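A.B. asks: Here are the chains, one letter per residue:
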Amino acid sequence: MNVKDDGGRTHELVRELGTGGQGSVYATQDERYVVKVLRLPDEAAREHWLRRLSAVRTLPLEDLRIARPIRLLQRPHVGYVMERVPGAQPLASLCQVPHVEAAPGEWYVRTGGLRRRLAVLARTARLLGHLHSRGLVYGDPSPANVLFSGDDTVSLIDADNLRYASRPLSERVLTPWFAAPEVYAGRSGVSSLTDAFAFAAMAFQTLTLVHPLLGDQVSQDDAEAEEAALRGEWPWIDHPHDDRNRSSAGLPRALVLTPALMALAEQTFGEGLRDPLARPGLSAWEEALWAAADRLLACPSCGAEADHALPECPWCGAGRGPYVLAEVQVTDQEVSDLAAVQGVPAPTMALAVVVVGSDGARHIQPRHFTGEAQGASHVELTFTGGRLSVRSLDEATYTLRREQRDKDDVPVEQQGKPKRFPLAPGRSAWQLHLGALAGQHRLVTFDLVGEAAP
Amino acid sequence: MSRGRLTLKDITVAAPRPLPVLLLLDVSGSMAEDGKLAALNTAVRDMLHAFAQEQAGGAEIHVAVLAFSGREARVHVPLKPARDVRFEALEAKGHTPLGSALALTTRILDNRDLVPGRAYRPTVVLVSDGVPTDEWEAPLAALLASPRASKAVRLALAVGEDADLEVLTHFAGADHVRRAAEARQLRRFFRFVTMSVTARSRSATPDQVVTLPDLGADDGFDDLDL
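Just so you know, the protein sequences line up as chains B and Y, in that order.
Every letter in the first sequence is one number past the one before it in the numbering used here, and letter 229, counting from 1, is 229.
Every letter in the second sequence is one number past the one before it in the numbering used here, and letter 36, counting from 1, is 1036.
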């Protein structure tokens, strides 16, 4: 079967990749592209979609990972050609437990556990946030149209509903479980605030495996109760004071949501359920999701990951094993010197904490300094055999300095050998300075928690 | 987290809501002509295969196949999750007892053991190539009067030139009836139903309006069966 695009190129459709409400997506002979063929009931719908698709093609998306229509199909077909994301899976594969799965908890760990979920969600938040910062609205975020690849890179497909925020849509475009209540109920078109709700619902479902609005009562009742809940007529499942819609399903929230993430959920599904303006935006989600990922520690016994602050591995009950807290701070040498002279502790301002377990390298990234997730990593930290290794990953030269002993300064250079030093429980005397030592700059301190390996 | 250790086996998720699909298939003797039955068997098999692939999400597609021929309708595949269905090809013979099929449908949809209250709105697909040979008005009226069966999404396909369009229109309403003159159109009808049901199962909306495409017009997807 062949279809032709408006550039005159012929695409041979070789395999159906997926089917949705409006059409099907096909792999083509040329693996750089896929073709979406829409199935529309009549000529009016066809005209409408052609106008819509033409509009989407003019949006400024070049540098964003969004599979936008690059060519429209020639008649008699209605549809478009888009770039393929090889090897990508939908977010649905992380948030919708297969019906045959007897042990959802084991499935959760097997499909990437918390770290992958947090990373994929953080990158999704980032992508949607970028759209919003350009005045665009995605329209219908759902677990089916967020794709992630093996390295957790995220792209969005189904750009059909993308639009400028200034031109709200009157028609309903929605995926019910992930549509904002006002969209689901038909009171409103889509906006960045409805995108924010959809994202929050996806994030909550992906992390906890329970939908934030569908508690035990609603799930047992008939389908009308579910619709009412999705219209925002029930309290959300973790409402602090209203127990009507509690859920016994899913993962314990304290296990998979940091306090910051729980607060974002409460803002979105509590007050934000009926008041879109109360919903936190995508950048708040992105920051909290990355911060949660930085706090993870892999269990030395079962390998599953959980927040390091939990007293034991919540998945298998094993002890946590030692780990290092790398805390990024702002320091000012003059202030520190002054504090030393006066015999008081130097004031610190913590920017980020990265947990370094013995399960693999961790990177100090631009986002730990500035909150901006873009850009290459600065430093790699590895914790093995009771020793911490520090390696520069970029052009800069960093300085390992040992306090209280003649200021031993050790340069950490790119291409140079990793610098390694032993750690005893508590704060290490070694600190990593990033930037000129004089004046205000960032530094990383290291605290060993738990017993050091022999 | 409560005290007492959580184990991975303790975690549960909400059971998916059933999304029932009932196929009412005319297998009277005339279906054996012109390859209609072969096309029907293939289309149903493809549909069941597609449904079985949909194994995650808030809805779980359940399927029943009711065949009507001879004196009365019978359950060819009892209502169960699509992934558990083993479909054996239907054979054609005898009359067209549509009334019996409608009565059986109402009985199934009204049975809360088979279709629990928490199920999504069922889809009933009626395929027929002939004129009913039993009394069908009263069973249809009973179906339309049943609080539960009347809520079903009803779609109908008339196969061949001899099908009684009027009866099918009574059943589904004019917008939800199509005529298939050839196997290709029958396949397209089933593909459309498959698509709309799977889309519903993913999105978990029980009340999505189904707009049947025109099977006759070249709307750009008839050749896409790969």
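Derived from the structure by calculation, the hints contain no laboratory data.
Just so it is clear, the structure is predicted and the values come from calculations on it, not from any experiment.
Watch out, some of these pointers could steer you wrong.
What the hints assert, rightly or not - Between beta-carbon pairs, the in silico distance windows are:
no., chain 1, residue 1, chain 2, residue 2, range
1, Y, L1144, B, N2, 58 to 66 Å
2, Y, A1089, B, G186, 39 to 47 Å
3, Y, R1184, B, E43, 18 to 26 Å
4, Y, G1029, B, N2, 38 to 46 Å
5, Y, D1162, B, E62, 41 to 49 Å
6, B, R51, Y, G1035, 50 to 58 Å
7, B, D221, Y, E1135, 55 to 63 Å
8, B, S93, Y, E1135, 25 to 33 Å
9, B, T384, Y, D1084, 47 to 55 Å
10, B, N2, Y, E1135, 46 to 54 Å
11, Y, K1093, B, A88, 47 to 55 Å
12, Y, A1174, B, G186, 49 to 57 Å
13, B, P86, Y, P1147, 33 to 41 Å
14, B, L277, Y, A1089, 54 to 62 Å
Every residue, glycine too, gets a C-beta built ideally from N, C-alpha and C.
A.B. asks: Is the distance from the Cβ of B/S93 to the Cβ of Y/E1135 consistent with 25 to 33 Å?
C.D. replies: violated (50 Å)
A.B. asks: Does the beta carbon distance between Y/L1144 and B/N2 stay inside 58 to 66 Å, or does it fall outside?
C.D. replies: 45 Å Cβ-Cβ, so the 58 to 66 Å window is violated.
A.B. asks: Measuring from beta carbon to beta carbon, are B/R51 and Y/G1035 in 50 to 58 Å?
C.D. replies: violated (41 Å)
A.B. asks: State, for the Cβ atoms of B/T384 and Y/D1084, whether the hinted interval 47 to 55 Å holds or is violated.
C.D. replies: holds (50 Å)
A.B. asks: Between Y/R1184 and B/E43, does the C-beta distance stay in 18 to 26 Å?
C.D. replies: holds (22 Å)
A.B. asks: Quick check on a hinted range of 41 to 49 Å for Y/D1162 and B/E62, using CB atoms only.
C.D. replies: Given a distance of about 58 Å, which is not inside 41 to 49 Å, the answer is violated.
A.B. asks: Falls inside 33 to 41 Å, the C-beta gap from B/P86 to Y/P1147?
C.D. replies: violated (50 Å)
A.B. asks: Can you tell me whether the CB distance of B/N2 to Y/E1135 sits inside 46 to 54 Å?
C.D. replies: holds (51 Å)
A.B. asks: Taking the beta carbons of B/L277 and Y/A1089, is their distance inside 54 to 62 Å?
C.D. replies: Given range 54 to 62 Å: holds, Cβ gap about 59 Å.
A.B. asks: For the pair Y/G1029 and B/N2, does the Cβ-Cβ distance stay inside 38 to 46 Å?
C.D. replies: Check passed, 40 Å falls within 38 to 46 Å.
A.B. asks: Is it true that the C-beta distance of Y/A1089 to B/G186 lies inside 39 to 47 Å, as the hint says?
C.D. replies: holds (44 Å)
A.B. asks: Just tell me: holds or violated, for the beta carbon distance of Y/K1093 and B/A88 against 47 to 55 Å?
C.D. replies: Check passed, 50 Å falls within 47 to 55 Å.
Checked against the numbered hints given earlier, this structure breaks hints 1, 5, 6, 7, 8, 12, 13; the rest are met.
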